[in-house]
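Order-wise, the sequence lines are chains Z, E, G and V.
If you read the first sequence in this note's numbering, its first letter stands for residue 1, the second for the next number, and so on.
If you read the second sequence in this note's numbering, its first letter stands for residue 450, the second for the next number, and so on.
If you read the third sequence in this note's numbering, its first letter stands for residue 899, the second for the next number, and so on.
If you read the fourth sequence in this note's numbering, its first letter stands for residue 1348, the second for the next number, and so on.
Worth flagging that the hints you see were computed from the coordinates, not collected in a lab.
Remember, predicted model here, so these are calculated numbers, not experimental data.
Each residue gets a CB set at the ideal place from its N, CA and C atoms; glycine is no exception.
Careful: at least some of the hints might be erroneous.
[What the hints assert, rightly or not] Residues from chain E shown here face chain V by an in silico Cβ test under 8 angstroms; the list is partial:
| # | residue |
| --- | --- |
| 1 | R602 |
| 2 | V634 |
| 3 | A662 |
| 4 | A666 |
| 5 | G692 |
| 6 | R724 |
| 7 | Q836 |
4 protein chains.
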Amino acid sequence: MSSSRADDGLFAGVFAHGAVTPLVDDRALLQAMLDFEAALIQALISRGLAPSGASEGLAAMPAADALDLAALGRSTGEQGTPVPGLLAQIRPHLPEVTRAHLHRGATSQDVLDTALMLVAARALAALRGDLDRAAVACAALAAGHGATVMAGRTLLQQALPTSFALKAAGWLDGLTAVRAELAEVRRRGLALQFGGAVGTLAALGTDGLAVAAALGAELELPAPPLPWHTNRTRPARLAAALGTALGAMGKIARDITLLAQTEVAEAAEGGGPGRGGSSTMPHKHNPVGAVAVLACAGQGPGLVAAVLGAMVGEHERAAGAWQAESEPLRALLRLSGSAAASLAQTLEGLEVDPERMRTNLELGGAAMMSESIVTALTPRYGRERAQALVGEATRSDRDLAGALLANPEIAAALGADGIRAALDPAGYLGAAAALVQRALAAHETLERP
Amino acid sequence: MSSSRADDGLFAGVFAHGAVTPLVDDRALLQAMLDFEAALIQALISRGLAPSGASEGLAAMPAADALDLAALGRSTGEQGTPVPGLLAQIRPHLPEVTRAHLHRGATSQDVLDTALMLVAARALAALRGDLDRAAVACAALAAGHGATVMAGRTLLQQALPTSFALKAAGWLDGLTAVRAELAEVRRRGLALQFGGAVGTLAALGTDGLAVAAALGAELELPAPPLPWHTNRTRPARLAAALGTALGAMGKIARDITLLAQTEVAEAAEGGGPGRGGSSTMPHKHNPVGAVAVLACAGQGPGLVAAVLGAMVGEHERAAGAWQAESEPLRALLRLSGSAAASLAQTLEGLEVDPERMRTNLELGGAAMMSESIVTALTPRYGRERAQALVGEATRSDRDLAGALLANPEIAAALGADGIRAALDPAGYLGAAAALVQRALAAHETLERP
Amino acid sequence: MSSSRADDGLFAGVFAHGAVTPLVDDRALLQAMLDFEAALIQALISRGLAPSGASEGLAAMPAADALDLAALGRSTGEQGTPVPGLLAQIRPHLPEVTRAHLHRGATSQDVLDTALMLVAARALAALRGDLDRAAVACAALAAGHGATVMAGRTLLQQALPTSFALKAAGWLDGLTAVRAELAEVRRRGLALQFGGAVGTLAALGTDGLAVAAALGAELELPAPPLPWHTNRTRPARLAAALGTALGAMGKIARDITLLAQTEVAEAAEGGGPGRGGSSTMPHKHNPVGAVAVLACAGQGPGLVAAVLGAMVGEHERAAGAWQAESEPLRALLRLSGSAAASLAQTLEGLEVDPERMRTNLELGGAAMMSESIVTALTPRYGRERAQALVGEATRSDRDLAGALLANPEIAAALGADGIRAALDPAGYLGAAAALVQRALAAHETLERP
Amino acid sequence: MSSSRADDGLFAGVFAHGAVTPLVDDRALLQAMLDFEAALIQALISRGLAPSGASEGLAAMPAADALDLAALGRSTGEQGTPVPGLLAQIRPHLPEVTRAHLHRGATSQDVLDTALMLVAARALAALRGDLDRAAVACAALAAGHGATVMAGRTLLQQALPTSFALKAAGWLDGLTAVRAELAEVRRRGLALQFGGAVGTLAALGTDGLAVAAALGAELELPAPPLPWHTNRTRPARLAAALGTALGAMGKIARDITLLAQTEVAEAAEGGGPGRGGSSTMPHKHNPVGAVAVLACAGQGPGLVAAVLGAMVGEHERAAGAWQAESEPLRALLRLSGSAAASLAQTLEGLEVDPERMRTNLELGGAAMMSESIVTALTPRYGRERAQALVGEATRSDRDLAGALLANPEIAAALGADGIRAALDPAGYLGAAAALVQRALAAHETLERP
């Protein structure tokens, strides 16, 4: 359940952080339901189905904050939907001319589905803000650390050198992908739901589709070809996009927690006063922002599964499946927003230690550069022979540089300088710089209006 | 996120219904954290590690309701855990002698894990109440409908006759299983968590285990052999038991929605005034209780998946996985409690229509009884021949009774009376009555203290 | 685990049905891995990094069927990846000039990720075939049943009339959405993965990106801006699209099982000989195709959750998360394909009973038409008064038609003819016909090349 | 889908490793179905319902290997269940007296559910073997490393010292919990399913329960109070226990991958020849066993969710939900078995580096011992004052030992020796040794017959 004032919870700073939370809580959903009812009156007027005087009463419609939420909550249990209770609370405030057209042609599901879409639209805008901040911070890291050589790690083992710029570019690439998909969802994946009890719009006779079009325009939501009360691909796509965003953010946070390990110490979260400190252990500086992101991300897959599971409903309105959809959807919005806010803060304050990155790289030993030597020798000896030569040197007791130089074939091909160059991690970064540029370019393209 | 006042939400009547919700919301968790800190002081005193005067200050400890939840929520974001903020709020209220021992030897995770266990213990007691009510209602249906013959349906096709008593006994059997497992979880699956920062209890020197034992006794939670900060089988088992309970309740609710279909009409939810009615469609009587149960149950599997996913954490306290556990766990408690309350209400008010059950049974036609005829003929002709004879009769143009009588072999074996008896659904219920008795006996055994 | 010959399993007809299964089994994945290695040789040649003679040896590369799968399986366990074992098996077959460039610049993950994308591309093409068949069958039902009036049902209660055409159009709308998304995934969501050990392409010096471009062209997969070894949004989107497709198919199947209920009997699966029959219960005709779809769909959400959970990996190649991705992804492809094949068959053979639909509609009673009467009375009396008038009539002891006529205000407004018209379900279908046309138009637009 | 020969797949060494796989594949399930049919004949004989001669024909019943799996797979698609096809294949092999009683009183679901339980019983026995091996290896590590001091890490930051013995004891504690639960599931959670078409056992007249009891005895499965075709708590509990086992194993594997990091290097997987090596990077030694465990564990939560989702079925046999259960259940068995085999191998060969553990511990710096100093000072100054004194020293520019000694109050309380002792990690392990003994004792209790 979403609380009425979602931003004052015990874990608010972790799971209800940032700008999205107040846009998806119960009051926000309730306000969106009121917005639907008001827009419907306007749409009826615009199609000549209600007198223009009906709109005057709308000013008297109470705002969400003024409603009795506890009474609504009880009524939802009795009716199975909050709409009747909502209508009962607002009706007394409306003049008769407005009341006569209130909710006309609509069914509960129209109100709730559309309200959820409005909530999503508003939340996605706010989420975009924090995702943008995170992406801009990634882009700055990628742009600024082209010369920061570090170990690339596979299966948590040092494998080959890479640059911190490329690592940040990889993070950025993930964020670019999810921002593009969320933008697409916002542009095309959200829609008005308006079909009446079984999707025929029968109560509006021949005017149903025209009212739907007007209603969509009022609410700035596309009017879809068909009511989608039985076609839950829209909520599914929204959930999947949010779950994917949580995954992409979680990946960045996972990397940060690993870089911040005491034994690795290549990055740390910038702490404001007290941030991430430990009262009993003054030496500790916890990566609290990254941990918060991961704590949100860990809840994503199960919530997406719940929304997908709710697709399989009965006939013209499911008996239970549909009703199970809105809680996990709003949780996904809230957790995505919260994770994005924490991630942006973490990336903006990230303290990177290029010196330590280079030092750690030496842990892998010169042996890590053996692929580089093979590559340097391949033009002259072919790859198989080159691998054999380097294999021999690797197995020698000497340090790799010495062993390479002691091998006459290798020495002949590369010389001492060539060996030194081939052993320099900074010289074995392949396409890293170009890839970073590509990531930045894709990021900038997305930013452009 | 759990709200501070979880019972006043928009969907409170569906997802935050019944007695469990207020026991798992933020205030309840906070109170359990305070209970931990108070009990720790007592435990230290009992082991001679704090002066007895330290306990006097406990009276001054504020209750959860008196704390500033918004400030706590912010602090949780900064620290990654609510404990430092909590200690900061209560410290000023305590006399120095108490303050000196506050939180001694404990780490944040000790407080949160134990508080969650306390919350679970309290919530499971309340959940049990509503599950018991639901079971008692099932038992009454099973006991009272032994003579209510109805169609048993497989793949939603009428298959063979059964009794409504046996159907209710099957429901009861599921509830008996989940009540037994939840009782076992409550008795043995919950435990104190107390290990200090990394699980060694080092800050208490050689007194750690004794303090742990005293603390468990204070809180009425078993002190486990080892701190379980890294062994998340306890939360996993709790989550699984709740997810299973939601599934068992969902199964009953699914059956009720199907029995309540307009075209089946064998059962209906008893409506109080307005309950399940539709304002625009006065003929409708919605099975709102069963739908609420299904709406809760639909969220179960994904939440269990989240708790299981959180088991794989890093070292002595996970960076993200552990933190992702408490929200889905509390949601599972809340949804189980809500579903149980709705289910109990639904079953207690269930209106069963034995007449309609019998009428519907005739839809399957006499053909549905062919297995019964085969069974009756088998002693004389063997099963294969019996099947062949009945197969012929089934394919005849005549009604089955006529076709059977017209077949000399069948007529010789059974006579008109035997055919009539074999075509009577009430005579083909096999072990139904005995099975119902078994379900009732198992239910009663569980009830006994 | 996918079997080597996935099409001969015990449940093949349910979970490994249709054209997709053989395209995603182990042999198919292995072949795609071989295709990658061959294309890489070609790409190296095209960039002048290998002599053109290297391509001649490719003819000697064994096909997947010729490899020792058991040995590969063991080697995968020892190496953690099947690639070294694969290379070891094919190397002896290649001439030295080819061998010298085999796998050059690539890492295991490049081979596996790209192979999975190739498998997905091939499987999506086959899946599209069966989804198209299902959609065409839906479209035919929608086009042919405009005059088939039936009960629209919400919460499994008859609510208002609709047409079977509109129901089928709703199904079609879901299929149109998932087909569009899957086409988009196939066009833009799949991509070559090629980055070398840590994503820098270092082993290819300055030629890495050019080789990547050539390799993508060879394999007909887009070369993405960046290697995506650490950005798992592509697998996530693929999984989500398949999970959504399973949900949309499951919804249709759920409706069919409900329509096929003995007590509803509005539709039945067309049975070939023996199809869906029950040996012991000759009267039964099980909706086996729809059940198969649901059995596939039920596994979707959990599999999507697994792929999303695998997004959060460590550094340049995850230690466990990445490795957990390919099994659920292939299962999603197989189950989607299997569901689509079953669904197409089911929809193509669906037997619809318009007569029974109309008969069932009468069960709801004239009361179901009360909204229609209200709508008819509203122009004269306003909606509130109209509702009050109809409410009175509904509560009368008379049949509704009689009660309406007996009410002087209603009789004055509508007359006997008007009352009769307003009580005719076929006259209260609102925008159904127009909506059906829209669904058909969207379907046809999608079909157009 | 499970393959017919599951042990020869491309990823067999990762996902189909160890002794469980061949016990859960299609042939194994098929054999269990045959075992059911044979045992049913015996049970009928034992109750006098079939002549004793019927058992002679059982010798002629073909084994699973002799059946045509491809034909069965197709028939499953047509019938929705493999049982009719199975019966059709075995009937011709049986003498008439046996054939006449084949499958008598049973329905397809009886055969499949019971076969799945038999498969589970056999698989759990094999799984236990590998879990035992893993636990014994953990116990040896715990018993042998009491003096191995290492950093305890929270949120991936060094926090306080612990011992490797206690870390291994924590792993063991998790394994003890899951082994106990799996043993309980095996003892009490599995059961015969036997109810006939709708659970009444009607085809056996008054003999149904007696036949059920005899059948359970034949198959060594408990005969439950009621058939559980509609009560899916048994599969749910089995799935949950397996998912929990995967989580507990994944936790250990996660720790091992972290300890094996190049920069941490406190543990490494023992490599047989070639195991975990990298052909292109000879310096790498990948933790392939731990990665395999994590790759299995990552699939657990989604599969458990699928089984829980399948609990909510329709009436006496679900239309889709039940059918979705067996694939994820068998996958859970296979993945648990595979993970256990990999984990046992990994733990048995684990190479621990106590020297490096101690060296890494110094990275945290003396500051990590500040809690120890506070603890030492507390008896004299009280905890608040002690914290203040240590806080001052921590903030000084000197090394901590020097700063502590320079503080007259601290020096007075502890002296140089006391300071040195309080800074020794080995002296600040609290209850570690006692906790290790508890974990070993619980392990040994479980082992005892």
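Evaluated hints:
no., hint, verdict
1, R602, "holds, 4 angstroms"
2, V634, "violated, 11 angstroms"
3, A662, "violated, 11 angstroms"
4, A666, "violated, 17 angstroms"
5, G692, "holds, 5 angstroms"
6, R724, "violated, 23 angstroms"
7, Q836, "violated, 10 angstroms"
Hints 2, 3, 4, 6 and 7 from the list above are not met by this structure, while the remaining hints are.
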